[in-house]
Structure formats: C-alpha cells, structure tokens
Amino acid sequence: MNSDFIEALSEIEREKGISKELLIDAIEAAMISSYKRNFNTAQNVRVDINRNTGLIKVFARKTVTEDVLDPRLEISLDAAREINPNYQMEDIVEIEVTPRDFGRIAAQTAKQVVTQRIREAERGLIYNAFIDKEEDIVTGILQRQDQRNIYVDLGKVEAVLPLTELMPTDKFKQGDRIKAYITKVENTTKGPQIVLSRTHPGLLKRLFELEVPEIFDGVVEIRSVAREAGFRSKIAVHSRNPEVDPVGSCVGPKGLRVQTIVTELRGEKIDIVRWMESVEEYVANALSPSKVLEVQIHESEKMARVIVPDYQLSLAIGIKGQNARLAAKLTGWKIDIKSETQAEQEFGRAKTYTGEMHQDSVSID
Numbered sequence: 001m002n003s004d005f006i007e008a009l010s011e012i013e014r015e016k017g018i019s020k021e022l023l024i025d026a027i028e029a030a031m032i033s034s035y036k037r038n039f040n041t042a043q044n045v046r047v048d049i050n051r052n053t054g055l056i057k058v059f060a061r062k063t064v065t066e067d068v069l070d071p072r073l074e075i076s077l078d079a080a081r082e083i084n085p086n087y088q089m090e091d092i093v094e095i096e097v098t099p100r101d102f103g104r105i106a107a108q109t110a111k112q113v114v115t116q117r118i119r120e121a122e123r124g125l126i127y128n129a130f131i132d133k134e135e136d137i138v139t140g141i142l143q144r145q146d147q148r149n150i151y152v153d154l155g156k157v158e159a160v161l162p163l164t165e166l167m168p169t170d171k172f173k174q175g176d177r178i179k180a181y182i183t184k185v186e187n188t189t190k191g192p193q194i195v196l197s198r199t200h201p202g203l204l205k206r207l208f209e210l211e212v213p214e215i216f217d218g219v220v221e222i223r224s225v226a227r228e229a230g231f232r233s234k235i236a237v238h239s240r241n242p243e244v245d246p247v248g249s250c251v252g253p254k255g256l257r258v259q260t261i262v263t264e265l266r267g268e269k270i271d272i273v274r275w276m277e278s279v280e281e282y283v284a285n286a287l288s289p290s291k292v293l294e295v296q297i298h299e300s301e302k303m304a305r306v307i308v309p310d311y312q313l314s315l316a317i318g319i320k321g322q323n324a325r326l327a328a329k330l331t332g333w334k335i336d337i338k339s340e341t342q343a344e345q346e347f348g349r350a351k352t353y354t355g356e357m358h359q360d361s362v363s364i365d
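Position 141 of the sequence shown, counted from 1, bears residue number 141 in UniProt numbering, the numbering being contiguous throughout.
To be clear, the hints were calculated from the coordinates, so they are not data collected in a lab. A couple of the hints might just be wrong.
[Claimed, not checked] Mimicking DSSO-like on lysine-lysine, the simulated pairs with C-alpha atoms at most 30 Å apart in a straight line are:
#1 K302 with K291
#2 K254 with K36
#3 K291 with K179
#4 K156 with K205
#5 K329 with K133
#6 K111 with K133
#7 K291 with K184
#8 K133 with K269
#9 K320 with K302
#10 K179 with K20
#11 K329 with K302
#12 K338 with K269
#13 K190 with K269
Every value quoted in this text rests on a predicted model; they were computed, and no experiment measured them.
Turn these sequences into a full structure, and let the hints guide you.
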C-alpha cells in the first residue's frame, strides 16, 4: 500500500462519512489476524500503517524478563539493552518482523475491511433514515412476490409487505406503485429490515394527514381510528378552532379529499364523526350512519346502552355487527343497541323519546 491508498481512504471519508482514522485502526487490527494466520505464529504483534505514506510495518512485542521461557513473547534484559540501553525489566520491546511478501496479504485484508465497513456504514445510514419514518407512509414499487410476502423497492432498501397485511381488495402486480404504512424498522445482521402494512389503522390516519391541510397544520385533530381494512373504517376528529368544522374539513370541497383516500383504499367505506367530550354524544356520532334516539351511560361497566328507531336497528348494528363493533373500537365503550320496541318491552315503560339526538357525522361509500 502507498500514499494513493491513504488518499482513497480520505475520499471514502468525504463521500461516505466514515472516519479515515477508524478505517485505518480496523485495517491494522485485521492485519494482525492475517499475519498470525498466514505466518503460523503466536507472537504478540502490532501492525502500524503510516498515515502519510501508507507504509506498513509489523512489530513483534516482547516483554523484558529475567528468565526467557517463550522467545516468541519474551526477551532477556541483556538482549533488550542491545537494542536500547534504557530498557528495564517488564518493559515492552518492539522488534520489526515485517515479512517481505506481506504487502499482498495486507492489500487483500485492507480491501475486505474497507468493503465491510462501507457496507456497515451504508446499512447504518439506511436504518437511521427509516427509523425516523416508522409509523409513517412510504411509496415503493413492487419488485417480486413469494408465498408469504411482497417485496417493495423503496429506493435504497427493499421492504417486506406480508400478504397478511394486504387488504382483501388489494390487487397488485410487478412494477405497481404501492403506498403502505411502516410498522417496524429493525437493524438485523443482514441489514435494515422494514415491514409494511396496508391494513394498519395508522395508514388511514396518515392518509388523512396528507390530504387534509387542517390536520397537517394541527387545527383539526384525529382523536381515534377504528378500521376493518378493505371494508369499513371510522375516524373521530376534533377541531381546536371552534370556527373550523372538523368533519367538513376532512370531507373537502365536493368530497374530493375523502374520495382520494377512499380510492387509495380500494373503495373502503369511511365514516367521519365529530369527537365529543360528552360520551353520550360521542357514542351517538360513532354509530353513524344510524340515527340515535337516546344513549344511557353505565360508568361502572364502561357500557353505553343505545336506543334507536325500530327501522334503524339493522343499520345501527351493521352487517355481521360491523357498525356496532367499529363504534365500540372508536369510542372505547361497550355498546348495547336496542330498538324502541325492545327498550319498551325490556324496561317496561312507555316511550319517553322526544326525537333524535343531535349527530354530527358523515359516511362516505
């Protein structure tokens, strides 16, 4: 190796951000192992690379001792003082033992070390770039697919989208652009592993943040999300500014904002409801598009009994209980839905309802 090699290390430091000094230290450590392996020696040695010229020297390190039991590791005081009269007992004497053909081995070792360190540094940069994007949306290109996963090219790294994290309505082919949510970023021995999802509720939340400026700016806040991917979702929103309508902001002019999200989610139905501090009103809103007459709260059980018009019972419950199930997930309350007739029969009282509760929500199909 020569000064060109040192200059190459300086170039790597500038381009890759890897310290030249750390690279040289790593090369020196690797050359010690190479020397012992190639020259079949158990000597205690030190490799020194000149930081200016690139010249490599190998030094055997021996301890000054009275009785020399192992000449490879020890040297007598008399022999040491022939080298330098100032040596004392227990001092370390360094004797150059650089082999004549060590340059070839050194160059090969240096190449391996530098290549490995560059790979590690690049993996570190990719990991650091994507760990900040965990729980965020990315767009990539479908590269290939096997029986378990779809592999998505994100530019500098290939991410994994398990088939279990696809929506039932998702149909992709090689070369398609895929928008997905990063659920996990891990630093493995094979490099950064990035796991994606199309079913995670976070995907819906991030899509609204991208499409609705009021959410991005913090004027409108997403309080809760409940999702059955590919079928139906509910999202509860709240405005910090009383003059801003949170539901209307999410819907957008002529429904354009929410329709963009529905298109991305392959026609998934979305109910946008206003979050309310009053549990009764919040639960009523969460059951959109059903109309609600009354909500009775049972704090000890964290359960809400909801009474709806007879003709709205099936709508309130939803297909296979989906609407009620999503409303319960959204609010965090157990919801027991009764029709007017059922409530009268069960509680033995006449109608006391004077009309529908005020509800603020919208359903997008």
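Okay, the hints, checked on the actual structure:
| no. | hint | in the structure |
| --- | --- | --- |
| 1 | K302 with K291 | holds, 22 Å |
| 2 | K254 with K36 | violated, 76 Å |
| 3 | K291 with K179 | violated, 35 Å |
| 4 | K156 with K205 | holds, 26 Å |
| 5 | K329 with K133 | holds, 26 Å |
| 6 | K111 with K133 | violated, 33 Å |
| 7 | K291 with K184 | violated, 40 Å |
| 8 | K133 with K269 | holds, 27 Å |
| 9 | K320 with K302 | holds, 23 Å |
| 10 | K179 with K20 | violated, 39 Å |
| 11 | K329 with K302 | holds, 13 Å |
| 12 | K338 with K269 | holds, 24 Å |
| 13 | K190 with K269 | violated, 40 Å |
Hints 2, 3, 6, 7, 10 and 13, counting from the list given before, are not met by this structure.
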